[in-house]
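K.L.:
Sequence lines, in order, name chains A and E. In terms of the UniProt record's numbering, the first sequence opens at residue 1 and continues consecutively. In terms of the UniProt record's numbering, the second sequence opens at residue 1 and continues consecutively.
It should be emphasised that the hints constitute simulated quantities derived from the structure, not laboratory data. Quick caveat, the model's predicted, so the values are computed rather than measured. Some hints could be false.
Stated by the list, open to error - Just so you have them, the derived chain E footprint on chain A, three or more residues with Cβ under 8 Å: (1) 26 to 34; (2) 42 to 48; (3) 88 to 97; (4) 110 to 120.
Even for Gly, the Cβ is constructed at its ideal location relative to N, Cα and C.
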Amino acid sequence: MGIRFILMVNKQGQTRLAQYYEWLTLEERRALEGEIVRKCLARNEQQCSFVEHRNYKIVYRRYASLFFLVGVDNDENELAILEFIHLLVETMDRHFGNVCELDIMFHLEKAHFMLEEMVMNGSVVETSKANILSPIQLMEKAS
Amino acid sequence: MSGPSLMDSLFQRSLEDIIKGLRQQLIGEQAFISKALDEIRKEIKSTDLSTKSTALLKLSYLSNLHFHDMSFAAFPALEVLSSPRFSHKKIAYHAISFSFHDSTPVLLLITNHLRKDLNSTNEFEVSLSLQCLSRIANVDLARDLTPEVFTLLSSNKLYVRKRAVAVVLRVFEKYPDSVRVCFKRLVENLENSDPQILSSVVGVFSELACKDPRSYLPLAPEFYKILVDSKSNWISIKVLKIFSKLAPLEPRLAKRVVEPVCDLLRNTGAKSLLFECIRTVVTSLSEYESAVRLAVGKVREFLMDDDPNLKYLGLQALRIVAEKHLWAVSENKEVVIKSLSDADPNIKIESLRLVMAMVSEHNVSEISRVLVNYALKSDPVFCNEILGSILSTCSRNLYEIIVDFDWYVSLLGEMSRIPHCQMGEEIENQLIDIGLRVKDVRPELVRVARYLLIDPALLGNSFLHSVLSAAAWASGEYVEFSRNPLELMEALLQPRTSLLPPSIRGIYIQSAFKVLVFCLHTCFVRGGSIVPSASLNNLPAGVSASASYESFDEFSVENGADVTVVHGQTRASAPITKESIVNLLNLVELALGPLLGSHDVEVQERARNLLGIVDLTKPEVLNSSVQEKDDSEGKGVETSQIIKLMHDAFSKELGPVSLSAQGKVSLPDGLVLKENLGDLEMICGDIEPPSSNSFSFGSPYEEKDGLSFSNLQIKEDSEQSNESTSLLAEHRKRHGLYYLPSGKSELISNDYPPANDPTLQCDINDNDDNLVKITAESLVPKRKPNHGKPRPVVVKLNEVDEKPVAMKQPESRDGSLSGAVRDVLFGREDIPPTSSQSNLSNKPSSKRKGKEKQHTDPHLESKENVIDDGNSSSRRKDRSHGKERRHRSPRKKNFEERKDTDQKEKEKSRRHHGRHKSRQRAEEPLKVTAQTPVIPDFLL
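Isolated chain A, as found in the complex (with noise of 0.2 Å):
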């Protein structure tokens, strides 16, 4: 499946927004975040960006108050998700232009529909930003 989950949590490990591929009970993702964001904001800018959890990888990154952390399975291509949250927060700065945590809240609707447009079953489907964005502007427009 690849992409299991994204999450985003700020500074003070409160989820901003949480995408799940697999299906996990309220109690399951209450935890696996708990035990994750504890883990990962623990770490320093000068230790790697990868994080191994029960029998996930987490790949993360972490934009000025934000983390953005991504759970993959065992054999995914490190660098290749951190290229990924990349163009993710690239895609939100295109889009809200100077993307920060407020944004993500009070829009978090967009932001689910970027990551829809983008990740598709836990595969990356689309990397272009211009095709990311577009049904996002069409719908706006209609609105």
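Starting from the known structure of chain A, fit chain E onto it as the hints suggest.
P.N.:
For chain E alone, kept in the frame of chain A given last:
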């Protein structure tokens, strides 16, 4: 039900209001959320779809980020889904993707909604419902919607088609029979030139190939083409993943692939692709020396990089290489060892694993020494990581790499003294295991055990308790190797043992029992005859006497060459005199008296046993020391017989017990095993299962008397033993009551020294260089001219060391999935899809048809029936593709031709092959049911 008032919907709070409210935190988050949830519960019952959808939106927000259950909104979500407005649909699909799962009761009701939207002309609606299907599809949904997905696989809208491709993965997983319908179209998409489509179809195949690579070998030519032509790094990475799964299965394929992979390796600028190439080479193409060299060169660049990410990945890659090419590690050993002290714990662990990969028989002691020093200065987590990996590496395959067990046992003792050590249980198991398996190591084991037992400070560390229990057990079991059983007895009964948990205290007492029996036995049964007690009468027992043992040590060393005469027991028996026995008995009474009232049954019972034997022997000991032997002849014999009996019982040797030993015991008559004891569970619920240190008595091999101890090296590590004996001595000073009387006075210090005073700090600094040197030496395949001594025998049981037979796994869904894929890919397409069967039945030869039926796999047939029932529409479509399919398959099997750009040539040969194939089919109609498909010769 009261309908919502106009006011409700007019003044409904939007999601934005909720978010703002949450940020302001006026009434506290929980209170605010529960208020909002109350509103939502009302609003969601509204008949107005926009009110309902807003409520649903708010609810999915709260569910997504604040973990609030939204299962109650399952039906309202479906209602919103039926709205004609796109914005409503979007909200509903989103909520459903989040909250529906296999056991959602209304899942069945969604099928038609999905079908309608899958057939919609609005590509965004199709996309939404595909997205949703990819998240919630179960068997029913996958089966019912297979035809729609099949249609979308060749949609002319790229936007839709690439999503349909991605969804296929989930559909296949849930409903393997859909492979028969969709697989051909999926494969067709492999030839699409559009990078978007290609990206998602390659993604699907890389996932499929992960589970069962063999089934996809026939597609290798297609993948090869993509690998060579691809411009997108993302696609290249996925194709490389596929090849790393396929290449090990087919050497000819590996040979073809190695060149393009190396090209990529040399030329790519993207680190992600570079790393994927490295990983492919080291995992799957490791036979190709030049490719591995190239990859290792790139790994080196990664290791040298400042970026911790690249460093980490480089170490990981190196670890994979190490399995087959150890030289790669030795070339980079400086970096690896430097990483042991990296700032990042993950990198440290990776480099630790690599260091452990370098361990061999020749360097194990040096590397362990250095690592233990690292452990001393590391943080607790990494310290235990180091200890754990030393333990597991050394014990691998029954201590395969250990030659010098004396060294290893003392290492175990040393490791347990490291301040952060939490590996107590593992050390415990290994100490006992080695004691049982390796006869020659027992004297050293007892020495190490004594060293641990004698230090009162260790008793305060709860992580060490299990090690101490092993030490206690070993010293009791092998007491005959002890140089000073009396001292051992003191250690076992020292007051601070009250800090131990009762189960371990029980072991202590039991060991004390064994030691006592041993002492009595030496004193009464053989003592008199061997050692004239008069000459040693004044010998003070305990620590202060150690000086006088020197002579005995020398004695035994001198006689070391004389193989059979010198037995461990002769040395031990020396200091035991009547007087010391009396003191010993008093000590036992004093120490164990209070335990008769212990709350723990185990402790109480064992204490009672021990005191029982004290009561039995004490009068006689006292008698015989006062009177002449002749007087108490009658009774004395009786007692000494009992002691002899006890001693014999204890000196029966314990051996390792096979895991399957119990199975060999025949079932006694009248024993009912099958009866249901379920109702006992209540009563026995909290009884612990037997722990690993409970051993059954039995002698799996005969005890050999007159065992040689010529190779026993008595290491008089005077400094260390003095240290810990002085601890005991100190304790004796304070609680003299509990100790045997000693002649000398000892120094007094204020308090116990810290439990684990690492005295080895000094040489830590030059560790790095040290380790580099050691590994460098060890990696040169030098033969040690002669080991100091031969490796002792390690007892192995026939079956104990094999893993218990693994349970046969029931055939999983994946099995049926790959089965289906194989059916489609290998020749079987002639029968399975219903289309061809109906074709067959049109043929006049009814005789053949009968034959055909007979030989058809019944399993296959039943599956066809399922398709027959469920998918009449797909069957129609399938039939129309039947013709094309038949032409395609032979083409695939011709790898060389794939590369040929000459279109005409290709066309010709295809026709030729097609003809050939159809002739074959006519001739051998039965072959199609062959169980093992032959891998087509696509590489020749």
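K.L.:
Hint by hint, say whether it matches the structure.
P.N.:
Now the hints, each set against the structure:
{"no.": "1", "hint": "26 to 34", "verdict": "holds (count 4)"}
{"no.": "2", "hint": "42 to 48", "verdict": "holds (count 5)"}
{"no.": "3", "hint": "88 to 97", "verdict": "violated (count 0)"}
{"no.": "4", "hint": "110 to 120", "verdict": "holds (count 4)"}
Hint check: a violation occurs at hint 3 only; the rest are consistent with the structure.
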